[in-house]
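Colleague: Residues per chain, in single letters:
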Amino acid sequence: MPPIIETDLLRREFGSVTAVEGLSLSVTPGEVFGLLGPNGAGKTTTIKMLITLLPPTSGSARVAGHDILREPRLVRRSIGYVPQLLSSDGALTARENLDISGRLYHIPTAERKQRIEDALAFMGLADVAGNLVRTFSGGMIRRLEIAQAMLHRPQVLFLDEPTVGLDPTARRTVWEHVRGLRDRDGTTILLTTHYMDEASELCERVGIMHLGRLVALGTPESLAADVGPTATLDDVFTFYTGGDVDEGGTYRDVARTRRTARRLG
Amino acid sequence: MTSLERAARPAAWAEPAAAVRFAQDAWTVAEAELQKLAHDPTELLTRAVQPVLWLLVFGQVLAQARAIPTGKLGYMDFLAPGVLAQSALFSAIFFGIAVIWERDLGVLHKYLVSPASRIALVSGKALAGGLRALVQAAVVYVVAAVIGIHLQLGVPQLLGVAVVVVLGAAAFATFSLIIACLVRTRERFMGIGQVLTMPLFFASSAIYPIALMPTWLQVLAKVNPLTYQVDALRSLMVAGGTATFPVPLDFGVLAFALVILLVIAARLYPRLGM
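Line order of the protein sequences matches chains A and B.
As numbered in the numbering used here, residues 27 to 291 make up the first sequence, in order.
As numbered in the numbering used here, residues 20 to 293 make up the second sequence, in order.
Just chain A, with the same shape it has in the complex (with noise of 0.2 Å):
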């Protein structure tokens, strides 16, 4: 089967940084792929090239059979995105955020009032279908977004960050929605994290990527096996990114990481 997301030597740089370096990189249909690493490693960039948000500066890729340069529509249609930011907006209802996610990839009427009633009900949030999101909580916010993300049911769901600022039950109600997605669709889902629990428990493969490359690649338990006997992917972790790790992130980062907290929090 060929892979659902391809890219080839893919790199940007922000004018004298190289935020990715030369990542190539496939996954297969059907996957949860995740992509590791600390902040600043060039996550989120990649994602932001994948769904044609970014231009690279060079090299190519190919997402759900689409070049992400020469065909950034038909690749917008294929995918969903749940931004590591806010995506809901706070000053609408739940039902109004999914209704403008439905038609903007045109579904018709019939069909789109049927799946945001279902899509309500599969994420727990019927009852406050018609509340403003900015009086959501946190869990109940990223379900709802996961939720407007997956109406055109895209075939490549891409997750930035999807539980950073979240508390533990939230978290993982949020884990058990993106599996239920992913049995009930068969979506193949490209989460990015810096959780080592998350990786371990979401995804099949991950890729850990350091100062813009990718260090590793592999399923969680043959990368434990291969740094030795008795690690855990946080080991694996620390062995790839370690020792030079610099502190959290630009003051960029941060700033963003904690608003992110805060409004989800």
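It is worth saying that the hints were derived from the structure and are not from the lab.
Remember, it's a predicted structure, so these values are computed and weren't measured experimentally.
Backbone N, C-alpha and C fix where the C-beta goes; we use that ideal spot for every residue, glycine too.
Take the hints with a grain of salt, since some may be wrong.
As the list claims (entries may be wrong) - Listed next, the in silico SDA-like pairs over lysine to any residue satisfying Cα-Cα at most 20 Å (straight line):
1) K55(B) - N157(A)
2) K55(B) - G156(A)
3) K139(A) - P35(B)
4) K55(B) - P55(A)
5) K241(B) - A262(B)
6) K55(B) - F162(A)
7) K139(A) - K241(B)
Unchecked claim - Partial pick of chain A residues on the chain B-facing surface, computed with a CB cut under 8 Å:
8) I77
9) E97
10) I126
Dock chain B against chain A, hints included.
Modeller: Using the frame of chain A, we list chain B on its own:
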């Protein structure tokens, strides 16, 4: 059907033609803005305070002073269309702030990763900016009626005013969007927004006739879309008001400016998602 086959399945519905998609996408974006206003109209109402002050304070004083010759038209009647245009301008010119806010939150990215074209997204924003101004126009009309300005209330005139207000506000909202795409932070935007509004306002026929201006300012006024908006409003809104330019020219200039600004904004809009 296995889950893998389902994943490989293309979208199960046909997409409408490109022109229909454009109209639907733009309306989706505009309607979202209107829904937000319906949930919380406070911002719109507070913005209505300013035109009221212009009419009640500035207008009354200058009318008393008889400092500005406006021909047969009384100064208050002369000023009312200018204040209407100004209130639409002031609310539209800060429209970009909301877009920067959306980008900082992440809401904007949801639109940018959708298949909607960039021109449809910015057109929807522009339309929302235009329609918001109608609420302001309604407030100005009420105040103007109360203080005895001689309004024309025929249906063709009212419709004409509505179209001019929407066109003008949409153009300035798009201009604001362009600035937002260029400066990308709220702080820088606030500074630039302040710097731009006053020159746009003073280099127009909003509060005095063009004929009174020094030549250099007349040149600026003639390339300022606000002048054409005020000009059309002056002939449509108040009894006895006359336009300096042919009214179809006013409409044409506003529509042309809007289209040019939309094309520029559509090119710059993706910068907000990077």
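Colleague: Now look at each hint and say whether the structure bears it out.
Modeller: Against the structure, the hints:
With a C-alpha separation of about 13 Å, the suggested pair K55(B) and N157(A) falls inside the 20 Å cut-off, and the hint holds. Between K55(B) and G156(A), the direct Cα distance comes to roughly 13 Å. Compliance with the 20 Å bound is thereby established for this hinted pair. A C-alpha spacing of about 18 Å is found between K139(A) and P35(B), which places the hinted pair at or below 20 Å, so the restraint holds. With a C-alpha separation of about 38 Å, the suggested pairing of K55(B) with P55(A) is violated against the 20 Å cut-off.
At roughly 14 Å between alpha-carbon atoms, K241(B) and A262(B) fall within 20 Å of each other, so this suggested pair holds. The straight-line distance between the Cα atoms of K55(B) and F162(A) is roughly 16 Å, inside the 20 Å bound, and the hint therefore holds. Of the pairs offered as hints, the one joining K139(A) and K241(B) is violated, with about 50 Å between alpha carbons and a cut-off of 20 Å exceeded. The interface hint given for I77(A) holds, since its Cβ lies 5 Å from the closest Cβ of chain B, which is under the 8 Å cut-off.
At its closest, the beta carbon of E97(A) sits 11 Å from a beta carbon of chain B; the interface hint therefore is violated under the 8 Å criterion. Hint status for I126(A) relative to chain B: holds, with the closest Cβ pair at about 5 Å, below 8 Å.
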